[in-house]
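Student: The lines below spell out each chain.
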Amino acid sequence: MKLSRRNLLITSSAGMAAMAMGSLPAFASLTDDEIAKVTGGAELGEGAITLDAPEIAENGNTVPIGVSAPGAVSIVLFADGNPVPNVATFKFGPLSASRTASTRIRLARTQNVIAIAEMEDGSFQKASANIKVTIGGCGG
Amino acid sequence: MASGVKPRVKVPKTASAGETIEIKTLISHTMESGQRKDSDGNVIPRSIINRFTAEFNGQNVIDVTLEPAISTNPYFQFEAIVPETGEFKFIWYDDDGSVYEETKAISVS
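Protein chains in written order, with the UniProt record's numbering: chain A, 1 to 140; chain B, 1 to 109.
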């Protein structure tokens, strides 16, 4: 397992170098596509949702993340530097008190975590945070 | 996989009617992401818990869709309203079809 991790490190850092030479990281647009799938291209408001995340995460394998959006029906989490940007979807039921949830997520490298909340009136709210990952899935 | 999966849930035993309580849940699970490779270079197949739900007396509290980016031993913390005495039911759905359940009773004074 140790060995395979190392191999992964080498191949992924090579991939990142190749990406840096190109104009835009491929992952970012992938995340935008996934967000558009959730919102249907609707305008994203800001302010009614808070994303609680550390500025620096020493271990990318378990990064504590908290989201809160009073009046939200659901909250979707994305990480734009992961191989798959989708992280989790929280749907709140009638007995959910504050539309708050915390969990722990994996981050492959330093990147933005984005939370999109769908409110009861059908509008969308966005919050994002940049998290610096010291030891990530590929040593970022 | 489905070996050594153990759910753990923390719910207060008592509350007053309509009170907001905090719930913490954790389930031991490797959450194999499907991105890793073994020493021979073969991809280790994905094996994660893909859904988690919590309900109280049949009414939904939270319904979470999990992706491989959720850490090993998925942990969730959230808040619920308790209108009456009853039972919380927590269900985790595994990729392999297994379903893990845990219930916690709470009495409202």
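Keep in mind the hints are simulated off the structure, nothing from the lab. Each hint should be verified, as a subset may be incorrect.
In silico SDA-like links for lysine to any residue, alpha-carbon gap of 25 Å or less [to be verified]:
1) B:37 x B:91
2) A:37 x B:18
3) B:10 x B:77
4) B:24 x B:9
5) B:24 x B:4
6) A:126 x B:77
7) A:37 x A:135
8) B:89 x A:98
9) B:6 x A:80
10) A:37 x A:80
11) A:91 x B:96
12) A:91 x B:91
13) B:6 x A:126
14) B:13 x A:54
15) B:24 x B:106
16) B:104 x A:93
17) A:91 x B:89
18) A:37 x A:58
19) B:10 x A:52
20) B:89 x A:46
21) A:91 x A:58
22) B:10 x A:130
23) A:91 x B:18
24) A:126 x B:106
25) A:91 x B:37
26) A:91 x B:38
27) B:24 x B:71
28) B:89 x B:35
29) B:13 x A:94
30) B:24 x A:58
31) B:13 x A:44
32) A:91 x B:43
33) A:91 x B:109
34) A:91 x B:40
35) A:37 x B:9
36) A:91 x A:54
37) A:91 x A:46
38) B:10 x B:44
39) B:24 x A:66
40) B:89 x A:97
Student: Can the restraint linking residue 24 of chain B and residue 9 of chain B be considered satisfied, given a maximum Cα separation of 25 Å?
Tutor: holds, 6 Å
Student: Hint check: residue 91 of chain A vs residue 38 of chain B, CA-CA at most 25 Å. Holds or violated?
Tutor: violated, 35 Å
Student: Mind checking the alpha carbons of residue 89 of chain B and residue 35 of chain B for me, to see if they're no more than 25 Å apart?
Tutor: The given pair, whose Cα atoms are some 32 Å apart, is violated under the 25 Å limit.
Student: Within 25 Å, alpha carbon to alpha carbon, are residue 104 of chain B and residue 93 of chain A?
Tutor: Measuring from Cα to Cα gives roughly 18 Å; hence the hint holds.
Student: Holds or violated: are the alpha carbons of residue 13 of chain B and residue 54 of chain A at most 25 Å from each other?
Tutor: violated, 32 Å
Student: Need the status of pair residue 24 of chain B, residue 71 of chain B: alpha-carbon distance at most 25 Å?
Tutor: Given pair residue 24 of chain B, residue 71 of chain B holds - Cα atoms ~15 Å apart, limit 25 Å.
Student: Quickly compare the C-alpha distance for residue 91 of chain A and residue 109 of chain B to 25 Å and report which way the hint goes.
Tutor: violated, 29 Å
Student: Please verify whether residue 24 of chain B and residue 66 of chain A have alpha carbons no more than 25 Å apart.
Tutor: This hinted pair holds, its Cα atoms lying about 13 Å apart.
Student: Do the alpha carbons of residue 37 of chain A and residue 18 of chain B lie within 25 Å of each other, as the hint requires?
Tutor: violated, 36 Å
Student: Please verify whether residue 10 of chain B and residue 77 of chain B have alpha carbons no more than 25 Å apart.
Tutor: holds, 10 Å
Student: Between residue 89 of chain B and residue 98 of chain A, does the CA-CA distance stay at or below 25 Å?
Tutor: The hint holds at about 19 Å.
Student: Residue 91 of chain A and residue 58 of chain A: Cα distance at most 25 Å?
Tutor: Distance ~29 Å between residue 91 of chain A and residue 58 of chain A Cα, so the pair is violated.
Hint compliance for this structure: hints 1, 2, 7, 9, 13, 14, 18, 20, 21, 22, 24, 25, 26, 28, 31, 32, 33, 34, 35, 38 are broken, all remaining hints hold.
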